[in-house]
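K.L.:
Letter by letter, the chains look like this.
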Amino acid sequence: MSTCHDIEPQLSELLDGGLSSAELGLVEAHLATCERCRGIRRDLERVRRAARSLAPMPPPAHVWLEVAGHVHPAAADGARRPTATDARVAMRQWIGIAAMLVLVTIGAYFVIRTPGAPVDPSGNAASASFVEAVDDMDKTVDEKIKKLETLVKEGKDRLGPEAAATLMSSIETIDGAIAKSRAALGQAPASVPARESLFEALKAKVGVLQATLNLMNEMRKGDQAAAAEAAAAFGKKSS
Amino acid sequence: MSVAHADLALVEECRANRPGAFEAVYRAHAPRLFGLACRLVGRSEAEDVLQEVFLTAHRKLGLYRGESSLGTWLFRLATNQCLDHLRSKRARFAAMTDELDAEPPAPHAGVGAVVGVVDRLDLERALADLPPGCRAVFVLHDVEGCEHREIGEMLGIADGTSKSQLHKARMRLRTALAGGPSRAESAS
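Here the protein sequences come in this chain order: A and B.
Sequential numbering from 1 applies to the first sequence in the numbering used here.
Sequential numbering from 1001 applies to the second sequence in the numbering used here.
These are calculated hints, taken from the structure and not from any lab test.
A portion of the hints provided could be inaccurate.
[Claimed, not checked] Anything over 10 Å on all C-beta distances counts as not near chain A; from chain B, calculated: (1) Y1064; (2) S1068; (3) S1069; (4) T1072; (5) L1083; (6) V1118; (7) G1145; (8) E1150; (9) G1156; (10) M1171; (11) A1178.
[To be verified] Here chain A is said to cover these stretches of chain B; the calculated rule only asks that three of the stretch's residues, wherever they fall, bring their Cβ under 8 Å from a Cβ of chain A: (12) 1018-1026; (13) 1029-1039.
[Said to hold, decoys possible] Among the chain A residues that face chain B by a calculated CB cut under 8 Å, a handful are: (14) E13; (15) G17; (16) R46; (17) S53; (18) W64; (19) V67.
In this text, a Cβ means the ideal position worked out from N, Cα and C, and glycines have one as well.
Please take these sequences and the hints and turn them into a complete structure.
P.N.:
Structure below.
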């Protein structure tokens, strides 16, 4: 007579149709008399079905910009040189990204400022991997940000004064959110909203800097005059 | 035109640097590959991994011969990229699946069925808390529909190990989705 200990490891194989007919006979005979193992089989089937329904995830828009920024130089060697339109498109995309990231950051910051925002003193609401990911990111992202900031500072003149001013103001807003999120975490280390806010702010800063670098790349490759025109147009829009 | 022919034609356009061709490849496949990366390496690192996948794909397009669909080719590339990322992050990953076999079994989640309707967000969170070895097997098998033979090849483990890791992953998820051992036991 098979025991639960013998049968339980075979329940996944049962669901996946991988048992031989002899094994199948034993498992089914056990299930006919064991409520516990029938329950496990139902649960595993629910888990399996739910996994099948997990959807693809559209990546953030700036990922394509970064990929395209690396891929285009190769294309320029071949059939097509970047045009002034590319520079204008890049500028429009950058404006959108910068604005969106700042809004996300501000939104996340407001979550921790809102009275009654959920703060779990035990920290149980935050998954261990999320806490680990944010803490990891907070420790390692500084170096990445410093490198990006250096590159952006070196090429900032290429953006034109208006776009550069907007960039600095965006960075200032995000830096404020990073500082406040860190302060909030200092006071309540288990706070889920504060950790989420820090996560969003760090990501936003990296996102803005990377998108800016990409824009500068496009402008270097494209028509300088048109890029300057785009930068001027951006200045008008942002005022 | 068959899928393989359509893929080959698109790849040819990419090789010829036709404007928009590589972007079309990205738009068609990025969501699935980003989902895979989020689930295997975590959301915070998935963007870098996805970027690297498409840069590698762009460099290696010349190697694509149409023997499988472009989606399958990219999926293998992305899986390898994720696993490399995990290995470099944790040098111990190579031994991870063996170590898991030696771990104490996941706590039992009580008698009878204890998991109700599974919320996708809850499942994503519980998935993120699995150890990397059995999480990789679960994602590749139950989310992406790979067979144990393919998973064994990708992870460098035996089919039997892939099967046992899958069962462990499902059992751990069952416990997590039931609200942890204490809630599950009281439900029994």
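K.L.:
Please go over all the hints and tell whether each is borne out by the structure.
P.N.:
Okay, the hints, checked on the actual structure:
no., hint, verdict
1, Y1064, "holds (16 Å)"
2, S1068, "holds (19 Å)"
3, S1069, "holds (16 Å)"
4, T1072, "holds (15 Å)"
5, L1083, "holds (17 Å)"
6, V1118, "violated (4 Å)"
7, G1145, "violated (8 Å)"
8, E1150, "holds (14 Å)"
9, G1156, "holds (21 Å)"
10, M1171, "violated (8 Å)"
11, A1178, "violated (8 Å)"
12, 1018-1026, "holds (count 5)"
13, 1029-1039, "holds (count 7)"
14, E13, "holds (6 Å)"
15, G17, "violated (12 Å)"
16, R46, "holds (5 Å)"
17, S53, "holds (7 Å)"
18, W64, "holds (6 Å)"
19, V67, "holds (5 Å)"
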